[in-house]
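J.: Dock chain B with the ligands against chain A, hints included.
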Amino acid sequence: MTNSSRKTLVLLEHAGGEPADASLQALAFARLLAPSEEPHALLIGAGGRGAAVDLGVHGVAAAHVAEHDALASFAPDAWARIVIETADRLDATTVVAAGSEIGNEVLARVAARLDLPFAANVVAAEASETFRVTRTRWAGSLLEEAQLDATRELLTVTPHAVAARADGSAAATVEPFVPTLDDSDLVVRVVEHVAAPAGGVSLAEAKVVVSGGRGAGSAEGFAPIEELAALLGAAVGCSRVVTSAGWRPHADQVGQTGTKISPEIYIACGISGATQHIAGCRGAKKLMAINADPEAPIFASADYAVIGDLHEILPAISAEIRRVRGE
Amino acid sequence: MNVLVCVKRVPMTGGRIVLTADKQAIETRHLGFTISPHEECGVEEAVRLVEAHGGESIVLTLGPVEAEEQLRDCMAIGADRAIHLVTDGEEWDPQATAAAIVEAIRADGADFDLIVFGNESADAGNYQVGIRVAQALGLPVVTGLKGVAVEGGRVRCEREAAGGRDVYDVPLPAVVGVLEGLNLPRYPSVPGRMRAKSKPVAASSPPRPDSRLEKIRLVVPEGQGKQAEVLGHGPEAAPRAVEVLQQIGIL
Ligand SMILES: Cc1cc2nc3c(=O)[nH]c(=O)nc-3n(C[C@H](O)[C@H](O)[C@H](O)COP(=O)(O)OP(=O)(O)OC[C@H]3O[C@@H](n4cnc5c(N)ncnc54)[C@H](O)[C@@H]3O)c2cc1C
Ligand SMILES: Nc1ncnc2c1ncn2[C@@H]1O[C@H](COP(=O)(O)O)[C@@H](O)[C@H]1O
Numbered sequence: 000m001t002n003s004s005r006k007t008l009v010l011l012e013h014a015g016g017e018p019a020d021a022s023l024q025a026l027a028f029a030r031l032l033a034p035s036e037e038p039h040a041l042l043i044g045a046g047g048r049g050a051a052v053d054l055g056v057h058g059v060a061a062a063h064v065a066e067h068d069a070l071a072s073f074a075p076d077a078w079a080r081i082v083i084e085t086a087d088r089l090d091a092t093t094v095v096a097a098g099s100e101i102g103n104e105v106l107a108r109v110a111a112r113l114d115l116p117f118a119a120n121v122v123a124a125e126a127s128e129t130f131r132v133t134r135t136r137w138a139g140s141l142l143e144e145a146q147l148d149a150t151r152e153l154l155t156v157t158p159h160a161v162a163a164r165a166d167g168s169a170a171a172t173v174e175p176f177v178p179t180l181d182d183s184d185l186v187v188r189v190v191e192h193v194a195a196p197a198g199g200v201s202l203a204e205a206k207v208v209v210s211g212g213r214g215a216g217s218a219e220g221f222a223p224i225e226e227l228a229a230l231l232g233a234a235v236g237c238s239r240v241v242t243s244a245g246w247r248p249h250a251d252q253v254g255q256t257g258t259k260i261s262p263e264i265y266i267a268c269g270i271s272g273a274t275q276h277i278a279g280c281r282g283a284k285k286l287m288a289i290n291a292d293p294e295a296p297i298f299a300s301a302d303y304a305v306i307g308d309l310h311e312i313l314p315a316i317s318a319e320i321r322r323v324r325g326e
Numbered sequence: 000m001n002v003l004v005c006v007k008r009v010p011m012t013g014g015r016i017v018l019t020a021d022k023q024a025i026e027t028r029h030l031g032f033t034i035s036p037h038e039e040c041g042v043e044e045a046v047r048l049v050e051a052h053g054g055e056s057i058v059l060t061l062g063p064v065e066a067e068e069q070l071r072d073c074m075a076i077g078a079d080r081a082i083h084l085v086t087d088g089e090e091w092d093p094q095a096t097a098a099a100i101v102e103a104i105r106a107d108g109a110d111f112d113l114i115v116f117g118n119e120s121a122d123a124g125n126y127q128v129g130i131r132v133a134q135a136l137g138l139p140v141v142t143g144l145k146g147v148a149v150e151g152g153r154v155r156c157e158r159e160a161a162g163g164r165d166v167y168d169v170p171l172p173a174v175v176g177v178l179e180g181l182n183l184p185r186y187p188s189v190p191g192r193m194r195a196k197s198k199p200v201a202a203s204s205p206p207r208p209d210s211r212l213e214k215i216r217l218v219v220p221e222g223q224g225k226q227a228e229v230l231g232h233g234p235e236a237a238p239r240a241v242e243v244l245q246q247i248g249i250l
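Those sequence lines, one after another, are chains A and B. Last residue of the first sequence: number 326 in numbering that gives the first Met the number 0, and the count goes up by one each step with no gaps. Last residue of the second sequence: number 250 in numbering that gives the first Met the number 0, and the count goes up by one each step with no gaps.
So that you can see chain B by itself, here it is in the shape it has in the complex:
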């Protein structure tokens, strides 16, 4: 079976978010980059499915030239090849992103049995790109998943719901939106990293349409930078810490 996974390059922001002077983006000069943990689990699942059923796992990203790094990371844990929709670094809105992904899927020529998305992107959190792609391709889509099992041309999907898990069962080809916790992704091995360097990346540069959800500016919310009361250093702080727990009324 052929499995496509869509991933988005995002900065690792650490303890504090700092914006660029024009407030259009996060200041990333000193930051590393990654993809959402949801998407990492998506890649791991795709690799496992292909290990079990044969076929090909493909990763796709729409992002700047540098996003090839994330595609190589995904190929290092086992994805076979990549599709890179190269942008000038400007973020695309979710409708434009979905439309470009649909075009790329149609152009690729492989028949995808399963198309995997993160439930929401790490940075924008629009909760919609995968659903839009499914609608355009006329495929069923199930989101919020922590369990995906393929059998007999169908996919059984599990999603946490009050008191347990809801189960959906849809025919392939299908689209799924997955969550971290779906599996425990492997770490890339050294030979995996070596192999990833020579795996194929098909790059193209689609034109960016107008945004219909247009970012005006970013704002760091207030409330950061509290002044914590220092209760003490080392084990000698224990009596004071316990006093605080008593004050709060939890002892």
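One chain only, chain A, in its complex shape:
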């Protein structure tokens, strides 16, 4: 991943005055791509200056901070325009962002405005005569090597593809500026935030998740799953078969088109282990699968296997937990 004539601009997301982890990973990725050139960072909106001050540690040459009253709430077209304005001003050859919802959306808008190709969710890149990337398909179940034919490369970096690196030395200069924006850049913007009702363990952040699939049999069939989850302080998850059948809400679905989880342990019961389900639980440290079929594909992704009927096994596990707790 080398080429000396590159100049990279990294769009850095931030919240509460702190840069986002996935954006710091994108920065580390940019430094791998062009080791001899320190990347420039772009931060947009309120709190940008605060998040910019420590970026020297992450190897940033200069942090450009776009400040404008209209940026108080997220406006993706305004962000795209600012990215283009900054990349033009710096003569950047490459623009990198995190493969987050915002990173992908904003770079897609940049690409559309410039009519340039855009590679989303890249895990590796190599710049020689051609610019080659390895990117994820099927939410990470498959990789694609591809060539980008562009005068300016636009790419986002899959979260966790590389680790953030806090090994830079110099302080980054912080350069605030006021971008040019028109009303047309603000047609699409957040006009209201509706708070979610509090309650329950959040699936995305849970330390333990207990899930059921078609093998649970029905909405009522989730009772032993809920019982175990309650004993463990776990969140309840499920497969897509379950949400499609209306047994549980989509908010409980783990997978490619559901929630991505990263618990200490994931206990998957009556779930076959389709790649689209596994795509949602690859972040789990351990996977325990309970399945009636010893040949179920999920066992190929599991650390621990229990073979049999979940309706017999789960009550036995819950009873055993109560016993060891002396209840």
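Source of the hints: derived by calculation from the structure; they are not laboratory data. Take these hints with a grain of salt, some might be off.
[Said to hold, decoys possible] Residues from chain A that face chain B, not an exhaustive set, calculated with beta carbons under 10 Å:
(1) Leu89
(2) Val132
(3) Arg134
(4) Leu141
(5) Thr242
(6) Ile266
(7) Ser271
Bear in mind the structure is a predicted one, so any value in this text is a computation, not a measurement. By construction, the Cβ of each residue, glycine as well, lies at the ideal position given by its N, Cα and C atoms.
T.: Relative to chain A, chain B with the ligands alone:
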């Protein structure tokens, strides 16, 4: 109101992805095909909008001859007609796909009030075709949506964000990128399937431009095929399973 939904035919890969010998594609000889759950919700939403406001719902795909199957599936749950941009089976890059969709929209003659995309395609996950189409047509586009409500010539869009939902409100015509969870799609009924057989599909074969995001080869990532430790069979495995939970430190 007229609502267009763009869908992409993809294989149902099951428990393991196997590639063709030339590594250019997934081996699909023994697989069924479908569309992304995001797009299924898009079709359901379009059908509901037309049920509520009148007008027409149209599905569009760019894909091989066989992709007519997915168009018929969408018409079975209520879409009125379909546009099929027929390819030779080779995947098109997202820029070429968007350009062909824009051409088809211009050629169709219907005025679309809402154009619905999946937030990302199931297989390629390029996160961009809908945004490119919106840019070319000069329309506002909102992505990542789990709520879409049309009222008074505008669309109110809801997207999950830290601690709740962000709301966007844009004028029609507009483009939206939607996520599974937007609604619970209906299953096609038998009469729905029958009716779908005679609904019109307008087919054409646009020429494929050069790719600017050119696939070189596919690679199945490492790390599949773990050797799970079998803790036991049936309820007798419970003590061993609980020991493991204790070891991991979650009890
Ligand atoms: C683009 C796309 C995106 C998708 N996204 C998702 C997603 O986000 N999440 C998701 O989950 N799926 C997703 N899917 C669907 C996925 O492909 C599978 O269809 C789904 O995960 C299967 O759910 P399941 O394992 O519950 O059901 P099945 O595959 O039917 O498996 C049921 C399992 O339960 C076992 N079983 C049955 N009875 C019992 C019992 N009494 N005790 C113990 N075990 C029992 C069986 O042996 C079997 O292994 C997606 C599909 C596509 C095409
Ligand atoms: N070949 C295609 N035919 C029709 N619609 C497509 C096609 N490819 C992508 N789309 C639409 O664009 C969305 C985003 O795709 P992508 O940019 O590949 O992630 C998909 O969910 C579809 O709605």
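J.: Does each hint fit the structure? Answer for all of them.
T.: Going down the list of hints, with the structure as the test:
no.	hint	result
1	Leu89	violated (23 Å)
2	Val132	holds (9 Å)
3	Arg134	holds (8 Å)
4	Leu141	holds (5 Å)
5	Thr242	holds (8 Å)
6	Ile266	holds (9 Å)
7	Ser271	holds (6 Å)
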